[in-house]
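The listed protein sequences derive, respectively, from chains A, B and C. According to our numbering, the first sequence holds residues 2 to 215 in order. According to our numbering, the second sequence holds residues 2 to 215 in order. According to our numbering, the third sequence holds residues 2 to 215 in order.
Don't read these hints as lab results, they were simulated from the structure. Just so you know, not all the hints are guaranteed correct.
You can't tell identical chains apart in this list, so a pair holds if it fits in one copy or across any two.
In silico PhoX-like pairs for lysine-lysine, Cα to Cα no more than 20 Å straight-line [to be verified]:
1) K68 <-> K204
2) K200 <-> K188
3) K8 <-> K186
4) K8 <-> K200
5) K42 <-> K186
6) K8 <-> K42
7) K8 <-> K188
Because the structure is a prediction, the values reported are computed rather than measured.
Take a look at the letters that make up each chain.
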Amino acid sequence: MDLDFIKNELYTAVLSDVLDALGYPNQATRIPFTPCTGIGKLVGRCKTTLWADMFHKDVHPYELELKAVDSCQPGDVLIAAAQGSNRSGIFGELLATASRNRGCAGVIVHGAVRDIAKMAAMQFPVFATAKNPYDSQNRQRVIDLDVPVVIDGVTFNPGDIVMADEDGIVVIPQHVENEVLELAKQKVSAENRTRDAIKNGMKAEEAYLTFGVL
Amino acid sequence: MDLDFIKNELYTAVLSDVLDALGYPNQATRIPFTPCTGIGKLVGRCKTTLWADMFHKDVHPYELELKAVDSCQPGDVLIAAAQGSNRSGIFGELLATASRNRGCAGVIVHGAVRDIAKMAAMQFPVFATAKNPYDSQNRQRVIDLDVPVVIDGVTFNPGDIVMADEDGIVVIPQHVENEVLELAKQKVSAENRTRDAIKNGMKAEEAYLTFGVL
Amino acid sequence: MDLDFIKNELYTAVLSDVLDALGYPNQATRIPFTPCTGIGKLVGRCKTTLWADMFHKDVHPYELELKAVDSCQPGDVLIAAAQGSNRSGIFGELLATASRNRGCAGVIVHGAVRDIAKMAAMQFPVFATAKNPYDSQNRQRVIDLDVPVVIDGVTFNPGDIVMADEDGIVVIPQHVENEVLELAKQKVSAENRTRDAIKNGMKAEEAYLTFGVL
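Between the sequences and the hints, there should be enough to build the whole structure, so can you do that?
Given below as structure tokens:
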């Protein structure tokens with residue numbers, strides 16, 4: 002299943018339901034991510050960065066941030082795990098331009114971004130938990146890339162498929178990826194049948210007894 | 002006064018002002034509800050549900066949720082009092098479809114919803130305090146319906162008129178309903194006179210002394 | 002440099018970067034202000050008001066609020082420092098109408114506003130941290146005007162240039178105003194060169210080494 006099909010046909014709620022059924026009930030974030038640039042859906046494979054706050058002059062400013070964006074591959078979603086820090090806007094117009102150039106599909110930031118108006122004009126998908134005008138230099142920096150990171154209790158492994166939409170963010174562990182996607186496709190059909198039956202006047206209770214999904 | 006007139010001519014701020022004047026200074030919520038589906042105004046009579054978090058397998062999944070949506074009456078606003086829990090998305094596309102079928106005008110959720118993109122496509126009014134992709138099954142459930150519920154210190158009684166708009170949510174106790182609506186209609190006129198006088202150059206201080214409203 | 006030029010050519014991130022470089026690293030707010038009326042940018046000179054919660058009947062309702070709006074000058078941005086209180090909607094349609102009449106460019110409220118739909122219809126710029134339907138009378142009042150106020154650790158002095166946009170809010174101390182604006186204009190050019198080089202395929206690391214800005 003290619004990333005475009007997944008983006009167009011599936012959504013986080015159905016992925017979460019299938020992961021529940023397979024015994025993975027903790028694959029979605031609950032903290033509110035805002036689609037800052039007005040684009041409400043993003044799918045790709047995790048390219049992870051781990052960030053830390055800092056309080057001294059950085060002798061190598063932006064060192065690993067630049068490596069991260071310059072090493073993006075087509076279809077990557079850049080994950081910035083900054084523990085929700087609001088110390089600076091760690092992702093902005095120039096990193097967005099550089100990562101898009103390498104084929105990056107968008108960015109998920111557990112922390113703050115800046116240059117929102119410019120990234121919106123670029124139509125670059127950005128999901129973040131905060132915003133402020135401060136430069137990251139001497140305030141925050143990447144301390145590791147391409148490592149597992151945890152956001153709101155959910156593990157994002159490099160290469161995992163991640164989807165962000167209006168409801169939230171879901172990560173699919175790679176060893177169940179094919180199974181999850183196939184079952185999600187089937188569940189979408191079952192939900193459509195249920196919805197159509199209800200639309201045609203069936204009561205919700207009867208629809209649930211009949212189709213077994215809600 | 003019918004619900005359409007109230008929705009088109011009145012707003013939460015003027016209802017709150019009249020309730021203040023009548024000695025009911027605690028009829029509006031202060032916590033931020035988001036109009037998730039892009040529809041900024043909702044008026045109707047409260048159809049209440051009380052929710053609880055759960056941590057075991059539910060032997061009767063969705064039991065009272067289904068009863069609640071299937072027993073909605075035209076003009077009802079479904080109130081989901083879930084104490085702001087972000088454990089799951091307790092209201093989504095199928096419950097929205099079912100409740101709309103019974104004439105429900107929209108839903109107010111003190112807690113999380115999911116399927117936001119689909120409910121926006123349905124143009125179904127949804128005011129909620131959170132969002133996430135998780136199914137409510139085995140996570141949260143309705144434990145009572147058609148009972149008084151309290152959200153942010155405000156009591157929502159079954160049958161009370163409730164209004165949600167960009168400013169917040171106001172509930173009108175039934176025993177003062179007619180008086181509140183009549184006085185609100187009068188106050189709207191007084192506010193319009195004040196605003197027009199200011200627009201025409203009167204200073205705000207003089208306008209307040211002249212018309213007595215702000 | 003006039004206010005229109007500043008608004009059209011500059012933005013909070015570049016002002017913050019220049020203030021960093023000049024040794025003023027604490028001129029931007031980090032708490033999230035919402036552009037409630039859909040207008041994402043506001044520039045002007047601070048007209049400050051300091052608010053306090055109250056719990057008794059006000060013998061002079063709205064006294065200093067009215068003085069504040071009636072004494073606005075063209076290009077002023079009204080600053081309402083209410084310590085983030087959500088006790089009432091302290092700024093609404095009538096104060097917006099009155100302050101606009103005096104040439105006020107918009108309002109920044111560290112606290113709640115109301116009449117959001119009406120102020121959006123007026124196209125009046127409003128940045129606020131909360132919203133609710135309650136009247137301020139007997140709940141909050143202005144206790145000082147035209148005094149320095151502090152919001153989220155940032156000092157807003159009367160007459161300082163303030164800018165609010167999608168990223169946040171930045172205040173420029175008056176004694177460095179000309180220097181900041183001139184340097185910001187230069188930095189915008191350097192950023193544009195960097196962005197264009199990256200767009201044309203230069204890696205981010207090389208671009209940073211070449212142009213020295215990010």
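Find the hints from earlier in the document that the structure breaks and name them by number, from lowest to highest.
4
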